[in-house]
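Now for the letters of each chain:
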Amino acid sequence: MTELVVNSCGPMTSLQDHGRFGYQRFGVSPSGAMDRRALAMANALVGNPPELAAIEFMHLGGSLTASGGKLQLALAGAECALTVGGRLIPPRTSFDLNDGETLEISAAKAGTFAYLAVGGGFSISPQLGSLSFHLRSKMGGLDGELLRAGDRLPCLAASPAGSLRQLAAPPTDDEGPIRVIMGPQDDYFTPEAIRTFLTCSFTVSMQADRMGFQLSGPRIEHAKGFNIVSDGIVEGHIQVPGSGQLIVLMRDRQTAGGYPKIATVVSADLDRLAQIRPGGTLQFRAVDQAEAVTAARTRKDWIASLPQWLTPVHPELTTERLLGANLISGAIDAMHPLVDQSASSGIAD
Amino acid sequence: MQEPRILPCGDTALSIEFGSSIDADLNDKVLALDASLRASPPVGLRETVPTYRSLLVHFDPTLVDYDVLTRALLDAAKHLHPEASTGRRWKVPVFYGGSYGMDLEEVSERHGLSPEAVISLHCEPIYRIYMIGFMPGFAYLGGLDARLATPRRTQPRAHIPSGSIIIGGAQAAVSSIECPSGWHILGRTPVRSYAPEREPAFLFAAGDEIVFDPKDPALWKEMEQAALAGEPVAELVAP
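As given, the protein sequences belong to chains A and B, one line each in that order. At position 163 of the first sequence the residue is numbered 163 (my numbering), and the sequence of numbers has no breaks. My numbering runs 349 ahead of the 1-based position in the second sequence.
This is chain B alone, in the form it adopts within the complex:
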């Protein structure tokens, strides 16, 4: 195995990089190293942030020497047992098209597909959460069908609704709270991946899997109310 690269990020963090592409095997290694550091944190470790192909490690430079930490990380990286996922798979209800997915028509036309075909291509795969970032609970997914890859909008929107089911380039995502975005909105889920008053506040974690479950618009109100009352609404299903 090729040794990962250590990239300095100032004096309080470093990035340990396993490769340069979006790739499930690389992400497995990132998550395995993350799990190993969380199980036995080295002295001075503050927190870790898994991303697509690298793990960001925050540390206290007054408690641990950079070279000592680097050696410990490279050593830990040699003894990883990457798993394909965390073992958690979420079934996420999605309301496609119409006011829930205002870009469904445009994306369909661009690809010469019917809206139904786009929906079925979109909800077919088992997605994997590569990382959570950008906004609290915002989940970056891998696994989008290449036939749906769509360049980002030239004009990003200042706000997209919470729970937007979006695609941008070859990537897919589930947004959390209202945020700016240049991605295309195919649908919306009442699931609140981040709900400050709920325990746990965050539903999804990097390494979880997601499957989308198309729902009839008549069910929106009821599911939204359940989500606002603090229910997860997303279901954990067997992988």
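Bound-form chain A, shown alone:
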């Protein structure tokens, strides 16, 4: 059995897949990758389906060693520097980790959550249909725990490992304010509060984790108190407790809660919201159902299209050799480092 051995990792490193659905009626939070687009990208690079479990790193990286065989890996999401035996791995490229070799992942230089996918996925039993780890209920993950030094993750190494690939990320509509649909309890707020919510800037505070992002900014005033009978919670709900400060509920949210929710982030914008680091600012823009659904479709198509944006890469073409060969005059575009013209012609339109 080929294993991925954790030598070291940040304190909030865990296994995450698409999420655990169907059990919210029993109080089970769906969890799942904070940035599902990044999860899909890491998986696409190693030939996995988009929702397969990967290792989620939060802020910090780690060090991992292949044991018992060769693994094909890829990292996507937050920008981290990757090295294998001192050799730099170009971004958005799959790479082999031979038996005994060690991968070093740096802390994130931009963004928060990075995903390390393994070709073939992990050979770990899911809990209630998912490997996603949920901290507060200790559900999923490796034996119901966060990952830590000494853990050995059994892998279903794809055999024979497919060819290495790189991914030219297709364009996204990530610019502009975070889109929200007003409600379900926007009637609990003054018109002034709604105006403040939709026009002011908010800052992601240090209290930002998988359960929720607390934002700091102007106080949002309640019009009729903040005690409601607990009702259902969805990811993206923006609740306003007595402090008047916003909390965006994220993947590890509770299934029910008791504060009024002024608005809900549209499903298409949760991935990019998750990558805003503490200190980063954001604004909200209200949209209608039609615009949100168009965005949801665009995101779904984007994920489905990822395999078309892959191009083969030759394993011997290390960054050093590429730079030395001076294949391209001037700067190398990090987003499209090595496009094979014959392979890319089919995706030019």
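Just so you know, nobody snuck in bad clues.
SDA-like, lysine to any residue: derived pairs with alpha carbons at most 25 Å apart:
1) K300(A) x G121(A)
2) K300(A) x V417(B)
3) K440(B) x Q574(B)
4) K138(A) x P581(B)
5) K138(A) x L577(B)
6) K300(A) x Y415(B)
7) K109(A) x R277(A)
8) K564(B) x A495(B)
9) K300(A) x P357(B)
10) K564(B) x S511(B)
11) K138(A) x P505(B)
12) K300(A) x L418(B)
13) K564(B) x P464(B)
14) K300(A) x H407(B)
15) K138(A) x P510(B)
16) K224(A) x R354(B)
17) K300(A) x G393(B)
18) K70(A) x L164(A)
Keep in mind that the hints were calculated from the coordinates and are not lab data. Predicted model only: the values in this text are computed from it and were never measured.
The hints should help you fit chain B onto chain A, whose structure is shown.
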């Protein structure tokens, strides 16, 4: 009947709200609509989550139009046959006071009652599970005797033991796994409402009824072992 309100919860969910209070009749309607949607799910439905007075409906917006789904839900809500319960009543053993219920004394003093009187007021009613939430298997109950209503602790505890029998405000609950809580702990049950390795993993469902059965501390060990071995320990009794 007043038409329920539809509240948007982003583009992938909506809440259908029958009222604004904690009320058995409202909860009956929530559970009846839940049952009806589970029996014949509309296209695009992902899952439903019954709560006190509303049903949260998760759906795939790329498969079903919001207005079409809304109309289908309001239509289904017009043809409900609410039942008072699911027909399941659980007898749940409880070990009151002492190390099992560290707040029993304090709650008794606050209400000017003896601990025995609090126990008997607490285990007298037939409770109804209004919803499961907060933690896997955590059961929110209705039916607490108004004489036991107790404001929440000013300082919530970071951890309360699994199976804690707790009250907070006018509400009562059976906790499942260890969790933070500002409620008062009257006792503890060895019953594991959520046990990942057991089939079924979840014992209780919204709409079930619960009666509490006080037990002698001498029985704890035996019952706890049975629960850890995967037995329900809670008994289904005739309503």
